[in-house]
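One-letter residues, chain by chain:
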Amino acid sequence: MEDKHESDVVPSVSLEKARTYIPGLDDILEGGLPRRRTTVVNGGAGSGKTLLGLEFLYRGALIGEAGIFVGFEESVEQLRQNAATLGWDLLAQERSNRLFLLDGRIKPDTLTSGEFSLKGLLAIVSGKSREMGAKRIAIDALEVLLRLFDTPRQVRSELHALSDWLQQADLTAILTVRPPSHGPSPFEDFFDSMGDCVVRLDARVSEQVTTRRLRVIKYRGSSAGRNEYPYVIGERGFRTMPISTVGLRHKPLGEKISTGVARLDEILDGGFRRGACILLAGLPGTGKTILASTFVAGSCARGETVLYLGFEESEAALVGNVMSAGVDLSPHLASGRLRFLTNFPEAMGTEEHFMRALDRIEADSPRHVVVDAISACPRMGGKRSAFEYLMRLLNACKERGITVLFLNQLSGANDYLEISGNDISSMVDTAVFLNYQQCPGETNRVLQVLKARGSRHSNQKWEYVIRDSGIQILDAYVGGGDALTGTLRQRQEERDRIEAQRLACEIEAKELELKRLRLAHAQAVKGMAPRGDEP
Amino acid sequence: MKPTAGAANEPSADGGQPRYRLRLFVAGDEPNSVKARSVVSRVCDNHLRGRYELEVVDVFVDHQAAIEARVLMVPTLVVEAPAPQRTIVGSFRDEEALLGALGLSAAGERS
Numbered sequence: 001m002e003d004k005h006e007s008d009v010v011p012s013v014s015l016e017k018a019r020t021y022i023p024g025l026d027d028i029l030e031g032g033l034p035r036r037r038t039t040v041v042n043g044g045a046g047s048g049k050t051l052l053g054l055e056f057l058y059r060g061a062l063i064g065e066a067g068i069f070v071g072f073e074e075s076v077e078q079l080r081q082n083a084a085t086l087g088w089d090l091l092a093q094e095r096s097n098r099l100f101l102l103d104g105r106i107k108p109d110t111l112t113s114g115e116f117s118l119k120g121l122l123a124i125v126s127g128k129s130r131e132m133g134a135k136r137i138a139i140d141a142l143e144v145l146l147r148l149f150d151t152p153r154q155v156r157s158e159l160h161a162l163s164d165w166l167q168q169a170d171l172t173a174i175l176t177v178r179p180p181s182h183g184p185s186p187f188e189d190f191f192d193s194m195g196d197c198v199v200r201l202d203a204r205v206s207e208q209v210t211t212r213r214l215r216v217i218k219y220r221g222s223s224a225g226r227n228e229y230p231y232v233i234g235e236r237g238f239r240t241m242p243i244s245t246v247g248l249r250h251k252p253l254g255e256k257i258s259t260g261v262a263r264l265d266e267i268l269d270g271g272f273r274r275g276a277c278i279l280l281a282g283l284p285g286t287g288k289t290i291l292a293s294t295f296v297a298g299s300c301a302r303g304e305t306v307l308y309l310g311f312e313e314s315e316a317a318l319v320g321n322v323m324s325a326g327v328d329l330s331p332h333l334a335s336g337r338l339r340f341l342t343n344f345p346e347a348m349g350t351e352e353h354f355m356r357a358l359d360r361i362e363a364d365s366p367r368h369v370v371v372d373a374i375s376a377c378p379r380m381g382g383k384r385s386a387f388e389y390l391m392r393l394l395n396a397c398k399e400r401g402i403t404v405l406f407l408n409q410l411s412g413a414n415d416y417l418e419i420s421g422n423d424i425s426s427m428v429d430t431a432v433f434l435n436y437q438q439c440p441g442e443t444n445r446v447l448q449v450l451k452a453r454g455s456r457h458s459n460q461k462w463e464y465v466i467r468d469s470g471i472q473i474l475d476a477y478v479g480g481g482d483a484l485t486g487t488l489r490q491r492q493e494e495r496d497r498i499e500a501q502r503l504a505c506e507i508e509a510k511e512l513e514l515k516r517l518r519l520a521h522a523q524a525v526k527g528m529a530p531r532g533d534e535p
Numbered sequence: 001m002k003p004t005a006g007a008a009n010e011p012s013a014d015g016g017q018p019r020y021r022l023r024l025f026v027a028g029d030e031p032n033s034v035k036a037r038s039v040v041s042r043v044c045d046n047h048l049r050g051r052y053e054l055e056v057v058d059v060f061v062d063h064q065a066a067i068e069a070r071v072l073m074v075p076t077l078v079v080e081a082p083a084p085q086r087t088i089v090g091s092f093r094d095e096e097a098l099l100g101a102l103g104l105s106a107a108g109e110r111s
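For the protein sequence lines, the chains are A and B, in the order given. In terms of our numbering, the first sequence has 115 at position 115, counting the first letter as 1, and numbering is strictly consecutive. In terms of our numbering, the second sequence has 15 at position 15, counting the first letter as 1, and numbering is strictly consecutive.
If you're looking for bench data, these hints aren't it; they were derived computationally from the structure. A hint or two may mislead.
Claimed, not checked - For lysine-lysine, the following BS3-like pairs were computed, each having C-alpha atoms within a straight-line distance of at most 30 Å:
#1 A:K451 / A:K461
#2 A:K107 / A:K256
#3 A:K451 / B:K35
#4 B:K35 / A:K107
#5 A:K515 / A:K526
Take these sequences, add in the hints, and give me the full structure.
Structure below.
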């Protein structure tokens, strides 16, 4: 029996655990729920406790551990339909006798008279459990059934009987309970005492976005994550992410990979680094999406997979737009190497956005992830939420050695804080700034690498053009301390031969000047500036 | 458990009287179940002689029947006929309570 899943046994503690196989939850529970014991899940309406119980059984069934679900609120058909929206085929598990759904709703024609007990329920689950060789059970919304009892004494006595039965049954149990909407429940303490493990689910609404948090209140005989952990009801079920464990397992930066633009590779001394966080910041129309798509197309052509998270436009619009700049993403979509996940930021809370992205990252294992654009993320529910979303996404990618491209649409000001975007600058390894350069009679585009961790790179501004064959970076010239672009640059080219030497000298002088300034600055910082400089 | 179809085959004394089909779910010999059985038997004997069928189901013996009838509490009496179907959960405070649930007023039934 115990030979099949080594991971089910946690060697450091004596308590045996049953994995929930719910992403993230087993980390918080340090292995899973206490096996052959009861876990009480306490949560209000909409907290997802029914789903948690059902998912525990469904995922158990998938690995061959049969389970019984007893629901007092929903019909079996409703449960199947709800599960189907998450891609779970309950009926298939029911047919293979790995799942049994018991309709425990009280029939509307029911009257009560005299005394009664839950023995019918216990007889059913005992019998069914023997038949199926069940290992798991979830009893959902028990408080509904308890309403039939007239006195607290009866309720307590029934809970005792249930608790005794669960203790002798060879089942890992989840008991979900909804606390009363107002005032303390006379049985709350008792419910909690029935569980070796007590988990509280809490759904609250802030800034019009629902935030769900999970907390392990108690875990007899084991430690567990003590914080509040965010969770969502995602596309495939219940998901949680332990925030405090992130950031410890980042992969180091990998080798250089092409940006897709040969000149940019030169400027970056070989290209982007694999597993890096790359920021592409710029005003609207500077070609951030085109530059990112060029990288995407190049990566896919090398056989690598990319996940593109779009918040600004639909997949079709984006593919069409970059096509007009000579970047054809369609073959990579067809081959499945490129996958889009597009959602409006307002469509859901940050956690759901994050979990959906994580679902795809786990399912597709992309080598690169593009976020277009991080400037849209505060619309998910505020700046703080956007920051959390991006940090967690970045952490998830960094742990897996996935390259991340953050696109940041600037509103106009060339303020470095805005360029770096949402206070994530310390996490950014490489920052590329795309800007307009105003010249007499024309506006040109210039590109500048502001940061490239672990690489030599040029600080120069480079003029680039967006042609129907893609992005092309032109030569840059330093004259008068700024880059020359467009027509001015062409005139400069004509004068090039004559001026070359003078320019070279000027550059050298500038560099020397810069060096001197840096030294002076360093001395000033150390408080060791020469006395002569003092007033 | 064997259905105790007490006198159900005898012709009804009064052809106009409805016939009753009852199923009583019990859990072995626990006190509430024993009490319910005795109350139901007594009421059937005294008031429904010749026009009832009573099946007693022990949920620990036949849990499948309990699943199908959605009986989680015991004792439970399901009145399958006459319509409408009714479900009475509990050991019955007294005979009067059961008579009321069956639509038989105690006084009116006694001849």
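query = Keeping to a limit of 30 Å between CA atoms, is the pair of A:K451 and A:K461 held or broken?
reply = Measuring from Cα to Cα gives roughly 13 Å; hence the hint holds.
query = Within a Cα-Cα threshold of 30 Å, do A:K107 and A:K256 meet the stated pairing?
reply = Status violated; Cα separation ~67 Å.
message = Would the hint linking A:K515 and A:K526 be met if the CA-CA limit is 30 Å?
response = holds (17 Å)
Restraint status (C-alpha distance of B:K35 to A:K107 at most 30 Å) = holds (23 Å)
ask   = Given the hint that A:K451 pairs with B:K35, does the C-alpha gap stay at or below 30 Å?
value = violated (84 Å)
Violated hints, in rising order: 2 and 3; the structure is consistent with all others.
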